[in-house]
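K.L.:
The residues making up each chain are set out below.
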Amino acid sequence: MTTTCPATSSQEEDRALLAPALPPRMASHRSTKHGRQGASAPCFRQRGTAAVLALIGLVAWSCGGKREPPAVSTSGAPILTGEIARIDSLLAANRGKWVLLNIWATWCRPCVAETPALTALAHDLRNRPFALVGVSLDFLVTNAEAAAVRKVAKFAGEYQVLYSNVVYTGSADDLIGRFSLSGVIPTSILYDPQGHEADRWVGAMVDEDLRRIRQRIP
Amino acid sequence: MTQRRRRIWTVPMVAAGAAILLMAADRTPPGAEELTIGKAAPDFSLPATDGKTYALADIAGPKGTLVIFTCNHCPYAIAYQDRIIALTEHYRPLGIGVAAISCNDAKSYPDDSFAKMKERAAEKKFIFPYLYDESQSVALKYGPRVTPHVFLFDSTRTLVYRGRIDDSAKEKSVKKRELTDALEALLAGKPIPTATTVAFGCSIKWKSDILESKKQ
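Chains as they are written, first to last, in my numbering: chain A, 576 to 793; chain B, 12 to 227.
In case anyone wonders, no lab produced these hints; they're calculated from the structure. Beta carbons: idealized from backbone N, C-alpha and C, even for Gly. A portion of the hints provided could be inaccurate.
Said to hold, decoys possible - Which residues of chain A face chain B? A partial, calculated answer using Cβ under 8 Å:
no.: 1; residue: Trp682
no.: 2; residue: Cys683
no.: 3; residue: Leu700
no.: 4; residue: Asn702
no.: 5; residue: Pro704
no.: 6; residue: Leu715
no.: 7; residue: Val716
no.: 8; residue: Asn718
no.: 9; residue: Ala719
no.: 10; residue: Ala722
no.: 11; residue: Thr744
no.: 12; residue: Asp749
no.: 13; residue: Gly758
no.: 14; residue: Ile792
Claimed, not checked - Away from chain A, derived, C-beta distances all over 10 Å, residues of chain B:
no.: 15; residue: Thr99
no.: 16; residue: His160
no.: 17; residue: Ser184
Stated by the list, open to error - To be clear about the criterion: a stretch of chain B counts as covered by chain A if any three or more of its residues have a C-beta under 8 Å from a C-beta of chain A, and this derived list gives those stretches:
no.: 18; segment: 84–93
no.: 19; segment: 123–135
no.: 20; segment: 197–207
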């Protein structure tokens with residue numbers, strides 16, 4: 576049993592970059608754990624959230640000065656592409672808030688494992704001065720940018736990711752240099768409202784780390 | 012609406028709880044420090060996919076030795092397979108011994124099991140020994156952080172280069188080849204231009220008991 580959201584006309588324009596439907600895995604979660612649900616409830620919620628998040632994504636996109644529009648996953652999460660400047664513009668757009676930058680990839684299992692916890696964190700802190708920004712490194716191991724974006728969009732839909740993601744298209748060197756990376760992903764960096772690094776986690780975050788973040792955000 | 016929201020968020024919440032329990036296994040043991048330049052190559056005795064057991068002395072070349080921590084499952088490591096074969100083809104006849112070691116916890120990553128390593132070695136026709144460090148004791152001595160992560164030793168088995176093979180998993184995008192530069196310098200008897208680089212890839216999958224013992 577799969578639950579699909581019929582595409583709207585604006586969604587159809589970006590069809591190539593959209594995950595076509597919630598994959599069976601999430602659908603089976605719904606059917607086994609919570610009984611069968613009609614398509615309308617999740618679709619209504621997804622569309623409402625999608626509209627808000629797509630708007631946020633478009634603002635960030637216009638600030639970044641990039642020409643191509645962002646994709647949006649079925650969960651509503653904007654999927655942007657770009658190099659360091661794009662990440663920096665997204666960080667700048669969130670100045671005044673605490674920002675957790677999560678560097679990850681769909682091919683990285685520890686990254687995948689921590690995604691539900693990050694999604695829950697973003698949800699719990701949605702009314703607080705906090706933003707989560709994902710940086711996907713899927714494009715680092717493929718030559719096909721569109722395919723990497725599709726993969727991330729599909730993943731974001733599957734895991735109900737509601738925060739923006741940048742599919743990084745720059746070099747590993749630039750990324751390592753900009754964020755002083757150790758080479759291990761996931762790496763998560765917490766920035767304070769002034770944009771200064773306040774904390775950093777190399778490897779998947781544990782509940783204690785997430786508790787620490789929750790405590791820090793006013 | 013409240014009930015709908017609760018239903019929608021229960022799935023990620025439950026998954027989050029389960030994920031948090033699994034996460035601890037992916038941290039680096041504090042004792043696994045990357046071997047530093049100038050240190051001697053730690054010895055080992057490990058089974059290979061070819062059925063033999065190799066010690067460091069069996070691998071070492073007269074001019075130098077290249078030890079590469081890699082694995083089966085990681086897309087980054089997979090992207091470098093052909094380059095490792097090419098490096099071996101080129102540098103082994105020049106006196107550089109080469110071995111690849113996989114040390115990931117096969118219980119959590121079944122693609123990295125010894126049986127799967129044998130399949131990969133046969134399928135890709137590996138021309139270097141592909142060793143299995145099941146206990147992770149060798150990895151603890153070398154301290155790789157990711158796969159692939161390389162350690163190049165000179166003829167006296169002293170570490171002269173550690174880090175990445177080059178700067179891009181996509182071969183067409185490669186601009187810097189630090190390992191090749193180090194190998195060329197080593198063979199020419201010149202100083203290594205860049206002795207350390209940040210290896211990028213998939214983290215080493217340490218066993219939970221090793222992580223636990225290191226915490227105590």
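K.L.:
If a hint holds in the structure, say so; if it does not, say that too.
P.N.:
Results for each hint:
About 5 Å separates the beta-carbon of Trp682 of chain A from the nearest beta-carbon of chain B, less than 8 Å, and the hint is met. Using the Cβ-Cβ criterion of 8 Å, the hint placing Cys683 of chain A at the interface with chain B is satisfied: the shortest such distance is roughly 6 Å. Interface restraint check: Leu700 of chain A against chain B, minimum CB-CB distance 13 Å, threshold 8 Å, status violated. Interface restraint check for Asn702 of chain A: the shortest CB-CB distance to chain B comes to about 14 Å, outside 8 Å, so the restraint is violated.
At a threshold of 8 Å, the smallest CB-CB gap from Pro704 of chain A to chain B is about 21 Å, leaving the interface hint violated. The interface hint given for Leu715 of chain A holds, since its Cβ lies 6 Å from the closest Cβ of chain B, which is under the 8 Å cut-off. Taken as an interface hint, Val716 of chain A checks out: its beta carbon lies about 5 Å from the nearest beta carbon of chain B, inside 8 Å. For Asn718 of chain A, the interface hint holds, the least distance from its beta-carbon to any beta-carbon of chain B being 6 Å, beneath 8 Å.
With a least beta-carbon distance of about 10 Å to chain B, the hint placing Ala719 of chain A at the interface is violated under the 8 Å criterion. The beta carbon of Ala722 of chain A comes no nearer than 13 Å to any beta carbon in chain B, farther than 8 Å, and the hint placing it at the interface is violated. Annotation: interface hint on Thr744 of chain A violated; nearest CB of chain B at approximately 11 Å, more than 8 Å. Proximity of Asp749 of chain A to chain B is violated relative to the hint, the smallest CB-CB distance being about 10 Å (cut-off 8 Å).
Annotation: interface hint on Gly758 of chain A holds; nearest CB of chain B at approximately 5 Å, less than 8 Å. A hinted interface residue such as Ile792 of chain A counts as satisfied when its beta carbon comes closer than 8 Å to some beta carbon of chain B; here the least separation is about 17 Å, so the hint is violated. The claim that Thr99 of chain B is not at the interface with chain A holds, since no C-beta of that chain comes within 10 Å of its own (minimum 22 Å). Non-interface status of His160 of chain B relative to chain A is broken: a Cβ of that chain comes within 10 Å, the nearest being about 8 Å off.
The Cβ of Ser184 of chain B sits about 7 Å from the closest Cβ of chain A, inside the 10 Å cut-off, so the non-interface label is violated. Using a Cβ-Cβ cut-off of 8 Å, 4 residues of the segment 84–93 of chain B lie near chain A, which meets the minimum of three, so the contact claim holds. Only residues whose C-beta sits within less than 8 Å of a C-beta in chain A count toward coverage, and the segment 123–135 of chain B has 0 of them, not enough to reach three; the restraint is violated. Under a criterion of three residues with beta carbons nearer than 8 Å to beta carbons of chain A, the stated coverage of the segment 197–207 of chain B fails, only 0 such residues being counted.
Checked against the numbered hints given earlier, the structure breaks hints 3, 4, 5, 9, 10, 11, 12, 14, 16, 17, 19, 20 and satisfies all the rest.
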